[in-house]
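Student: Each chain, letter by letter, is given below.
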Amino acid sequence: MIIEERIGDVIVEIINVERASVKEAEELKAKLIDAIDDGYKKIIIDLSECDFVDSSFLGVLVNSLKKVVKLEGDLKLVGFRPAVRAMFELTRLFRVFESFSNLQEAVKSYTH
Amino acid sequence: MTSKTNNINKELTVKSTTNNLAIIREFVENIARESGFSKEIVSKISLAVDEACTNVIKHAYKFSPDREIKILTQFNDSKLTIRITDSGDKFDPNLIPEPNLKEYHKQKKVGGLGMFLMKKLMDEVQYLTLSGNQNQVVLVKYLA
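Protein chains in written order, with this note's numbering: chain A, 42 to 153; chain B, 326 to 469.
Don't read these hints as lab results, they were simulated from the structure.
Hints should not be assumed to be uniformly reliable.
[As the list claims (entries may be wrong)] A partial selection of chain A residues facing chain B, derived with a Cβ cut-off under 10 Å: (1) R60; (2) S62; (3) K64; (4) F93; (5) D95; (6) S96; (7) S97; (8) L99; (9) V103; (10) A124; (11) A127; (12) M128; (13) L131; (14) T132; (15) L134.
[To be verified] Below, simulated EDC-like cross-link-like pairs (lysine to aspartate or glutamate); rule was C-alpha separation at most 20 Å, straight line: (16) B:K387 x A:E67; (17) B:K369 x A:E130; (18) B:K444 x A:E130; (19) B:K404 x B:D448.
[Unchecked claim] Ranges of calculated distance between the beta carbons of each label pair, as one might list FRET restraints: (20) B:R358 x A:I44: 32 to 38 Å; (21) A:S150 x B:N401: 51 to 57 Å; (22) B:K415 x A:D50: 44 to 50 Å.
Every residue, glycine too, gets a C-beta built ideally from N, C-alpha and C.
Here chain A stands alone, though its shape is the one from the complex (with noise of 0.2 Å):
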């Protein structure tokens, strides 16, 4: 299950599973696209429940970066469990997404 908040102009997805799988990157994939259609491009995905992402999660997650980039906002990525840093690890990808330890930080990389 993934629950949104907004705070400002800044559009927070948590996802609020242990696994991301294929069925949350669907229910992601379609938030977002609902998201940066109602003009939000400041996103950040809580990841702070997560114990597992899998690589059609990662794929909604690189898509939906590169997106928002084009728009010129950001998506960024907050609560790295061990499993996932591991799984952000082993594709390099954490390289591509700024990530925070807590949502506050996170949110406020965009204010400032």
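Based on the hints, put chain B in the right spot on chain A.
Tutor: This is chain B only, laid out in the frame that chain A set:
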């Protein structure tokens, strides 16, 4: 779901729904553990099988939940072989270029990430076309 076991071979057949991925992972993790792989390698094998089955559900069966995925495992001579068979759309791995990670990160291109992961996590990955319009991905891990 059907399952049968003998000394060296085990088999699991499940319907092609993402809800069954947990059953597949548990099946494969038990076999990898029984074969003597470390906890870390068991996770890698499980992840590779998860990626392969997700590919079947997504690409071969296009999320149709009533098709079958068959998983056959064999362990002998320190070699664990996992065969994942489907009867969905034919998959040609040659059409999926190996991601050039440098370009991948520069251009933020997606595609082929699941295959890249499988190759990274396992010692051998092979795609076969069997008779009767069946596709099979063969994953191999050696017990060091």
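Student: If a hint holds in the structure, say so; if it doesn't, say that too.
Tutor: Now the hints, each set against the structure:
| no. | hint | in the structure |
| --- | --- | --- |
| 1 | R60 | holds, 8 Å |
| 2 | S62 | holds, 7 Å |
| 3 | K64 | holds, 5 Å |
| 4 | F93 | holds, 8 Å |
| 5 | D95 | holds, 6 Å |
| 6 | S96 | holds, 4 Å |
| 7 | S97 | holds, 6 Å |
| 8 | L99 | holds, 6 Å |
| 9 | V103 | holds, 5 Å |
| 10 | A124 | holds, 8 Å |
| 11 | A127 | holds, 9 Å |
| 12 | M128 | holds, 8 Å |
| 13 | L131 | holds, 6 Å |
| 14 | T132 | holds, 7 Å |
| 15 | L134 | holds, 7 Å |
| 16 | B:K387 x A:E67 | holds, 13 Å |
| 17 | B:K369 x A:E130 | holds, 14 Å |
| 18 | B:K444 x A:E130 | holds, 15 Å |
| 19 | B:K404 x B:D448 | holds, 10 Å |
| 20 | B:R358 x A:I44: 32 to 38 Å | holds, 35 Å |
| 21 | A:S150 x B:N401: 51 to 57 Å | holds, 53 Å |
| 22 | B:K415 x A:D50: 44 to 50 Å | holds, 46 Å |
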